[in-house]
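Peer 1: Knowing the structure of chain B, use the given hints to seat chain S on it.
Protein chains: 2
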Amino acid sequence: MQKVHIGLIGGGTVGGGVVNTLRKNGQLITSRTGVSLQIRAVAVRDPRKKRNVKISPSIITDDWQSVVQDPKISIIAELMGGTTLAKRVVMAALKQGKAVVTANKALLAEHGPTLFALARKHGANIYYEAAVAGGIPIIKVLRESLAANRVTRLYGIVNGTCNYILTRMKEEGAAFYDVLKDAQDLGYAEAEPSLDIDGNDAWHKTALMASLTQGFWVAPESVHLEGIRGISQLDIQFADVLGYTVRLLGIVKADSKAKDGRSSVEVGVYPALVPNGHVLAGINGVNNAILIRGDIVGDTLYYGPGAGQDATASSVVSDLIDAAIDLKGGSDCRVPPFEAHDANGFVTPIDETCSSFYIRLSVTDKPGTLARISRILGDARIGISSVIQPEGHEGASVPLILMIHDAKNAAMSAAIKKISRLPVVKGAPVVYRVEHFD
Amino acid sequence: MQKVHIGLIGGGTVGGGVVNTLRKNGQLITSRTGVSLQIRAVAVRDPRKKRNVKISPSIITDDWQSVVQDPKISIIAELMGGTTLAKRVVMAALKQGKAVVTANKALLAEHGPTLFALARKHGANIYYEAAVAGGIPIIKVLRESLAANRVTRLYGIVNGTCNYILTRMKEEGAAFYDVLKDAQDLGYAEAEPSLDIDGNDAWHKTALMASLTQGFWVAPESVHLEGIRGISQLDIQFADVLGYTVRLLGIVKADSKAKDGRSSVEVGVYPALVPNGHVLAGINGVNNAILIRGDIVGDTLYYGPGAGQDATASSVVSDLIDAAIDLKGGSDCRVPPFEAHDANGFVTPIDETCSSFYIRLSVTDKPGTLARISRILGDARIGISSVIQPEGHEGASVPLILMIHDAKNAAMSAAIKKISRLPVVKGAPVVYRVEHFD
Chain B
6 MQKVHIGLIG
16 GGTVGGGVVN
26 TLRKNGQLIT
36 SRTGVSLQIR
46 AVAVRDPRKK
56 RNVKISPSII
66 TDDWQSVVQD
76 PKISIIAELM
86 GGTTLAKRVV
96 MAALKQGKAV
106 VTANKALLAE
116 HGPTLFALAR
126 KHGANIYYEA
136 AVAGGIPIIK
146 VLRESLAANR
156 VTRLYGIVNG
166 TCNYILTRMK
176 EEGAAFYDVL
186 KDAQDLGYAE
196 AEPSLDIDGN
206 DAWHKTALMA
216 SLTQGFWVAP
226 ESVHLEGIRG
236 ISQLDIQFAD
246 VLGYTVRLLG
256 IVKADSKAKD
266 GRSSVEVGVY
276 PALVPNGHVL
286 AGINGVNNAI
296 LIRGDIVGDT
306 LYYGPGAGQD
316 ATASSVVSDL
326 IDAAIDLKGG
336 SDCRVPPFEA
346 HDANGFVTPI
356 DETCSSFYIR
366 LSVTDKPGTL
376 ARISRILGDA
386 RIGISSVIQP
396 EGHEGASVPL
406 ILMIHDAKNA
416 AMSAAIKKIS
426 RLPVVKGAPV
436 VYRVEHFD
Chain S
6 MQKVHIGLIG
16 GGTVGGGVVN
26 TLRKNGQLIT
36 SRTGVSLQIR
46 AVAVRDPRKK
56 RNVKISPSII
66 TDDWQSVVQD
76 PKISIIAELM
86 GGTTLAKRVV
96 MAALKQGKAV
106 VTANKALLAE
116 HGPTLFALAR
126 KHGANIYYEA
136 AVAGGIPIIK
146 VLRESLAANR
156 VTRLYGIVNG
166 TCNYILTRMK
176 EEGAAFYDVL
186 KDAQDLGYAE
196 AEPSLDIDGN
206 DAWHKTALMA
216 SLTQGFWVAP
226 ESVHLEGIRG
236 ISQLDIQFAD
246 VLGYTVRLLG
256 IVKADSKAKD
266 GRSSVEVGVY
276 PALVPNGHVL
286 AGINGVNNAI
296 LIRGDIVGDT
306 LYYGPGAGQD
316 ATASSVVSDL
326 IDAAIDLKGG
336 SDCRVPPFEA
346 HDANGFVTPI
356 DETCSSFYIR
366 LSVTDKPGTL
376 ARISRILGDA
386 RIGISSVIQP
396 EGHEGASVPL
406 ILMIHDAKNA
416 AMSAAIKKIS
426 RLPVVKGAPV
436 VYRVEHFD
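Protein chains in written order, with our numbering: chain B, 6 to 443; chain S, 6 to 443.
Only chain B is shown next, with the shape it has when bound in the complex (with noise of 0.2 Å):
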């Protein structure tokens, strides 16, 4: 039985989670796996402030330089969150050549082959399971599980906060900020609720996964990024009388043919239309589920918690035991936090790319309405698949749904733009993508 010693930067949810993880399930993880995860200290901001977890004071410090710089300490978990002296600190740890754990998927997405460089420099590795998806062990699966395979397709619902508040919308009729209300009063979202319901908590997630299955490394810069704020009760009714459920998804798409000899790759996060028999319109309230086509295996998908204390911990605590074994076994870079194996991949721009749409409309109910938008898609060669006028409504204006099967979108976004621009049409048209999984 062989003793690693671990420092943990950050002392607070995540933190908290593996020191409770390490005292429930240490020795059981000890008699599976013949190493001894011990924590030597954890550092925090504040030693003196009250915690839900009990820390020994005696491995507390507020000195994390201390915590990376003990030679006894062989792996680093950064738990802090942010993205500068977490930078910093993950940065210290790899240049003394320690594996670092962390779940900071803000820090690996905006500065990935920074640290990944490094960490090769010096002969240190990255583990970063808890990075996305939470519990779910996703990146294990990306990185090993399904090697043997070709990802040609990726579908990620991966904020729960998100899928929370779809959820709720849909089977209550509730209004969006009503459910968000709900949602921070029962700490599934944060006061300031952007990073997750602007979609930027999904957005480095899905860059991240994008990076891990195409290999080339993908920035948040180049992903397509729509949120779901503000989203109308109305939508999501009419998305349901159509058939389909309102999920934000991340989506990784690999183009079937290389453009000039360079594979192309569609990588987005938005709010899209998914077909209601479709599993990932099954997924209900926080929990997370991703879905990986293979061009080998086919489909296989990844469902359960993506966040919350205990589940965080459950997956930095089995980086921790691959890193004290990795450690043990002398195979410190065993697989290596990142490897680019497609110098000449890219990201297509969403303009270039094509995709079908739920457009609704409030218009002016009187003839011609409809044959002026329609002239405008069809000199944009946009053809229409359907047009739904729901019953019901009636005054100044009344909604018109359009769905729109495969346009590509400089030009519907071309269009939209005419067509709000036309007298009949009042207000701002409302426009999502509409997924088929094909």
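Take these hints with a grain of salt, some might be off.
Chain copies aren't distinguished; within one or between two, either way the pair holds.
Lysine to any residue pairs mimicking SDA-like chemistry, simulated, CA-CA at most 25 Å apart [stated by the list, open to error]:
hint, residue 1, residue 2
1, Lys422, Pro372
2, Lys333, Thr374
3, Lys431, Asp384
4, Lys264, Ala224
5, Lys126, Thr35
6, Lys100, Ala122
7, Lys8, Ala345
8, Lys431, Ala196
9, Lys422, Arg37
10, Lys100, Cys338
11, Lys333, Leu123
12, Lys413, Gly334
13, Lys423, Phe243
Note that these hints are calculated values from the structure, not bench results.
Peer 2: For chain S alone, coordinates are given in the frame of chain B:
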């Protein structure tokens, strides 16, 4: 880049899938992992047999011993099936200190302890991702990703043939033997279907997953087994009316309290009524799904194709990659094939466990019938939670359904025996368990 030479024993469906996968994605795998997987020899029974997958005649042989003994070959993939010759092959390879990859659940379930001990003795490893749930990477999930957790519950739909039959019976109202015939015509079921429909295949898989999660060896013989042969359309329908879907489940339940200081576990394979809203009720067709409850992470679910040439090959090749990386890094036994970590664990005999039950009787429709039946149950201290006498049934005997909330299996069996002897009860009682996932 390091070349690793592989010998395949078996050139049938799975072997062909492995050859295809390496032909298609071999280069990708090398650029991802830094190892090049080279098939150096394929041992088959009849080298002259026509095959769907092209294998160069120069590497085909009918002499498996020459393959196992080839000093250039460091990984042996046993893909022949069966448990007699396959056991000899695996033992011979392990004695040479070679890594073994196998998709053979029966071999491992029946001879696991012998093979794992031999592997340990010779410093070799056994990889078996494809042995359970085909393309779903459940073995790595259990051995590595969830290693921080005590697994308290596991519910698996791990036989695609049974799930296909049960799905179509529910969706179309078709009879068992009609759907079985279709499944055979489509290649989902063998001409001799007993391995699937009598539950043996799920039994081997469940025993393996029970062993892995509970940390002591669970021999298949200690696992209670009931298949789905001849399941009646009537029960599928009544279950649906009551709000349930019938699924063949492999179940592992760790008792929360140790008995006499020993941890007891319930392990069984049987058709069960699953509440319609539960995620496992929604797993349709030939797919597999495994729901795992970890004491830290909570519930996670893994879903995908449980069989088929390519899905199985995806898992076999992921094992080949793992083995090759381990050999390259000199960490051959990084994660040993099975680590007993609970010397005191045991499987509770089914008679001593408690279940909820669905019971369908054919009874003579006259006064006093229910009184006689409920007296027997009352004497056995078994409480009836509801009685349903479906309408629209006439004749000498009519169906009577009893739902039982929590009865000891032994008491239930004894009571059913008595009930079946009542003159008012015609034919054999039908008894299925009901799962509440608590």
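Peer 1: Now look at each hint and say whether the structure bears it out.
Peer 2: Verification of the hints:
1. Lys422 - Pro372: within (22 Å within a copy, 76 Å between copies)
2. Lys333 - Thr374: Neither: 72 Å inside a copy, 69 Å across copies.
3. Lys431 - Asp384: Only inside one copy: Lys431 and Asp384 sit 21 Å apart there, 74 Å across copies, limit 25 Å.
4. Lys264 - Ala224: within (20 Å within a copy, 54 Å between copies)
5. Lys126 - Thr35: Between. Shortest inter-copy distance 21 Å satisfies the 25 Å Cα cut-off; intra-copy 31 Å does not.
6. Lys100 - Ala122: Only inside one copy: Lys100 and Ala122 sit 11 Å apart there, 41 Å across copies, limit 25 Å.
7. Lys8 - Ala345: Between copies only: 20 Å across, 33 Å inside.
8. Lys431 - Ala196: So Lys431 and Ala196 fail the 25 Å test inside a copy (33 Å) and across (65 Å) alike.
9. Lys422 - Arg37: For Lys422 and Arg37, the Cα distance exceeds 25 Å both inside one copy (61 Å) and across copies (44 Å).
10. Lys100 - Cys338: Classified as within; 15 Å inside a copy, 29 Å across copies.
11. Lys333 - Leu123: both (22 Å within a copy, 23 Å between copies)
12. Lys413 - Gly334: Neither, since 52 Å and 48 Å both go past 25 Å.
13. Lys423 - Phe243: within (24 Å within a copy, 57 Å between copies)
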